[in-house]
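*Asks:* Read top to bottom, the protein sequences are chains A and B. Quick note: the first sequence uses the UniProt record's numbering, first residue 1, plus one each step. Quick note: the second sequence uses the UniProt record's numbering, first residue 1, plus one each step.
Do not rely on the hints blindly, as some may be mistaken.
A pair counts as met if it fits within one copy or between any two copies, since identical chains are not told apart.
[Unchecked claim] Below 20 angstroms or equal to it, Euclidean Cα-Cα: the simulated EDC-like pairs (lysine to aspartate or glutamate) are:
#, residue 1, residue 2
1, Lys-229, Glu-443
2, Lys-191, Glu-309
3, Lys-363, Glu-443
4, Lys-314, Asp-21
5, Lys-335, Glu-146
6, Lys-164, Glu-486
7, Lys-314, Glu-17
8, Lys-191, Asp-21
Quick caveat, the hints were computed from the structure, so don't treat them as lab data. All of these numbers come straight from a predicted model, not from anything done at the bench.
Protein chains: 2
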Amino acid sequence: MMIHAECVPNWLKKRSELTPDRIALEFNDHSYSFLDLHSRANTWASALYKKGIKKGDTVGLLAGNHPDSIFILHALFYLGARVVLLNSRMTENELKFQLDDSDASFLISEQKFKDQVQFLKKNRLIAYLKEDFKESDWPEAPILDEFDLEETATIMYTSGTTGKPKGVLQTFGNHWWSAIGSVLNLGLHEKDTWLCTVPIFHISGLSILMRSVIYGIRIVLHDSFNEKKVNDDIMNKGITIISVVTAMLNRMLSELGSQEYPNAFRCMLLGGGPAPKSLLDDCKVKNIPVYQTYGMTETSSQIVTLSPEYSMDKLGSAGKPLFPSEIYIELDGKKAPANQAGEIVVKGPNVTKGYYNRTRETKKALQNGWFYTGDIGYLDEEGFLFVLDRRSDLIISGGENIYPAEIEGVLSRHPYVFEAGVTGFPDSKWGQVPYAFVVLTHENSVTEADMIEFCQMFLASYKTPKRVLFVPELPRNGSNKLLRRELRKLLEEEQQTDED
Amino acid sequence: MMIHAECVPNWLKKRSELTPDRIALEFNDHSYSFLDLHSRANTWASALYKKGIKKGDTVGLLAGNHPDSIFILHALFYLGARVVLLNSRMTENELKFQLDDSDASFLISEQKFKDQVQFLKKNRLIAYLKEDFKESDWPEAPILDEFDLEETATIMYTSGTTGKPKGVLQTFGNHWWSAIGSVLNLGLHEKDTWLCTVPIFHISGLSILMRSVIYGIRIVLHDSFNEKKVNDDIMNKGITIISVVTAMLNRMLSELGSQEYPNAFRCMLLGGGPAPKSLLDDCKVKNIPVYQTYGMTETSSQIVTLSPEYSMDKLGSAGKPLFPSEIYIELDGKKAPANQAGEIVVKGPNVTKGYYNRTRETKKALQNGWFYTGDIGYLDEEGFLFVLDRRSDLIISGGENIYPAEIEGVLSRHPYVFEAGVTGFPDSKWGQVPYAFVVLTHENSVTEADMIEFCQMFLASYKTPKRVLFVPELPRNGSNKLLRRELRKLLEEEQQTDED
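In isolation and in its complexed conformation, chain A is listed as follows (with noise of 0.2 angstroms):
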């Protein structure tokens, strides 16, 4: 056992003594430097630790995207604490059922959340909102000056398609690793800022908090997603990076019209599935770099990215894995040649330890440090990872196995599709048929059976959708990413419409 290499400074600290000047945040105007980012952490630490929080608790944070989310997420690292991120949209139950999961004992929250708190507020969860903390001279906590990589840092709950929710385990190590492999990928340039508008609680937010520390940038904080102002602030605000997945890329180029992003801008990070060729094209045109990426909560973000030298040639690609991390094709319990789809398996140390309190569900998902991820996917001669479809939005229709992802990337290159989701439907005579659902550009500009021909110039006919449904948006989480298991929902209400 090495001591030296298990710690490493906390990062916070460290940046705010390396680049104390540095801006390290910008929020509607707002700008916070690495030493104002530090002491305000150190604040909050204060605060919290007057309140009884303190090494090795664990401590539930519902917060929107805010600066003062930001610190109190900084104070609890500080404390040594355990953050469980909470996706601000869940129910009280689902709540409730994330708290309790993950033995928390504290709750952080804000007052625009407050009926939520009432409601999980007991004994044994001491809840505190951000606006009762009146400013004050809280007596100094002591605070960690070094993270144990192998400390877990924050718990965030996968959505789970099946069963019940599970945490994630973060440690600082994963946090770290992520923030290298990414570097090691997109380079570091001195003047680089990164524009989050995507949720803190969710690994794609959390994790641009971690490089911006790691790295020294500065942040460019929008409280929730809008094309307009990403936009502005891309024009306006020296943004060299975003992240942002194909609904919010497809938003931003419609708002964009005829304009070009200026030259500083040198990374559209998009996740969260494959991106459809029309959509790519567009941003060859406007010179928009984009690098695909593959990545999950378990993989403390992208583990795998597309550098924009091969967006076109790879179409559809979502890269190689980062420097540290490896990866490979699990078909029927043996490593599968290329182009042969399977399992998609992970490595590397940015990969999760396992599930909080979940023996079993960790054992099944990591064997010999390689993680399962349950996704479909493989890898072409040359290493390029496409990824299919989550395992669980798999259809299988006479036996066939049906990718939801193909098929959308078909209806996508309609003129008229905005964008598309797929899912499989029961069927008694084929077990389960594609139903689509279509965003139009244009209302009425295609009629059901005009999208049906359309792809079966492309498709198989099994792959055919049997119903092509239009509707006035698809459902996204958090992160924009498309919940293919909420399409059924849509059918259910447009039946009900109908019958009204």
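Since the structure of chain A is already known, use the hints to place chain B on it.
*Replies:* Quick look at chain B alone, frame taken from chain A:
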């Protein structure tokens, strides 16, 4: 014990998969992609394996700055052998000592060192010249897919001013973290190119090779330092970073004349001791971004670096410890307050785990994860490190501590002084007194008395050199670092000449 945090994929192999076509290395207008580099390393691994080198073996490498040396070095990593990097300027007896001391069982060298190799060959040590390997179809060797970060990759002997040289163990983790610490400070641009004119058998050169494969950047390699060739390449070859010491930078600036380097050149990484103000002024006038650094074999290169934004404000400082590292000053067994000089103590994952087969020296140098550098310095109020001297170079005169670097700094301010070295000489009255050795820009432009008078303007009388001797050049080691202990010999030689 976490399995996944201790290993990373074989660096060059991984790099050759990620960016196969990027240029890795240029030498005399030959260039090699990362795929070429991997394929050469692979071939060499097969050849060396056929000759009996296998995992766990210790292999001496006595070779110049040449692509073959790099192929062979990586090949040895591929096989899992530890590499003892031998300084080609050493005498046969010095080489013999290091090979014996490190328990090396093989020696790989080249034709130009055949005399030394002849001398070193003995029963236990099997020696090969690279020229002996004729092109051939070697059966494929088993190569490492992963590097264990705790494993020793290289052994380098420190010159050690007292006692016998000690073999510094450098693990893969040491090299990895050193590269990461550097990238978090210097950033990483896609077109970065590091000019390597320092010997690859020194940590200054070896660390460039490591960064190249970890970052995926191009190296331009020179077989030795020549200021004309260096300036030509900076001007014409897209060099962005170079590692130098003061003497090299002096020569580069003289040769450069009134020209300026291109804007793309972004980092003059300056190690090997404090830089004189006049030199930094010159660099400022020419818009050369100087990063002063402090580091040693035991820290796998730089551990403290000053960014250019501080290069004038914090003149003479080596800066702050890189991200994963920590530092403090110890005085009388306690942490010294700001501005108090004492021993520099460092910690970090880039720090050696000890000296090979030297339990006593290792225990003395490494205590609770902290490494006692033996160097003297202080931290100012803002935490910037000022290195005063190697402890072994300290002059004690009438009970007062005199730091040669301080006197050298004063001498270097004189307009006719090109460079200066100071060391202590025995004195019956004071114990020791400082003697200065000066290289002038113009011969006979000043007298010894002039120089002493100049020093008296800036220095306490006990610090003023008792003698100033003019010499054509200063003794330096393979990394162009001043060898103060060799200065004495210059005086002896001069006295010899006088007596002739």
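*Asks:* Now tell me, hint by hint, if it's right for this structure.
*Replies:* Going through the hints against the structure:
1. Lys-229 to Glu-443: neither (25 angstroms within a copy, 67 angstroms between copies)
2. Lys-191 to Glu-309: Between. Shortest inter-copy distance 14 angstroms satisfies the 20 angstroms Cα cut-off; intra-copy 22 angstroms does not.
3. Lys-363 to Glu-443: The answer is neither: 49 angstroms in one copy and 76 angstroms across copies each exceed 20 angstroms.
4. Lys-314 to Asp-21: between (42 angstroms within a copy, 16 angstroms between copies)
5. Lys-335 to Glu-146: Classified as between: cross-chain Cα gap 18 angstroms, same-chain 40 angstroms, threshold 20 angstroms.
6. Lys-164 to Glu-486: within (16 angstroms within a copy, 72 angstroms between copies)
7. Lys-314 to Glu-17: Between copies, since 15 angstroms is at most 20 angstroms while 43 angstroms is not.
8. Lys-191 to Asp-21: Intra 13 angstroms, inter 28 angstroms, cutoff 20 angstroms: intra-copy only.
Hint check: violations occur at hints 1 and 3; the rest are consistent with the structure.
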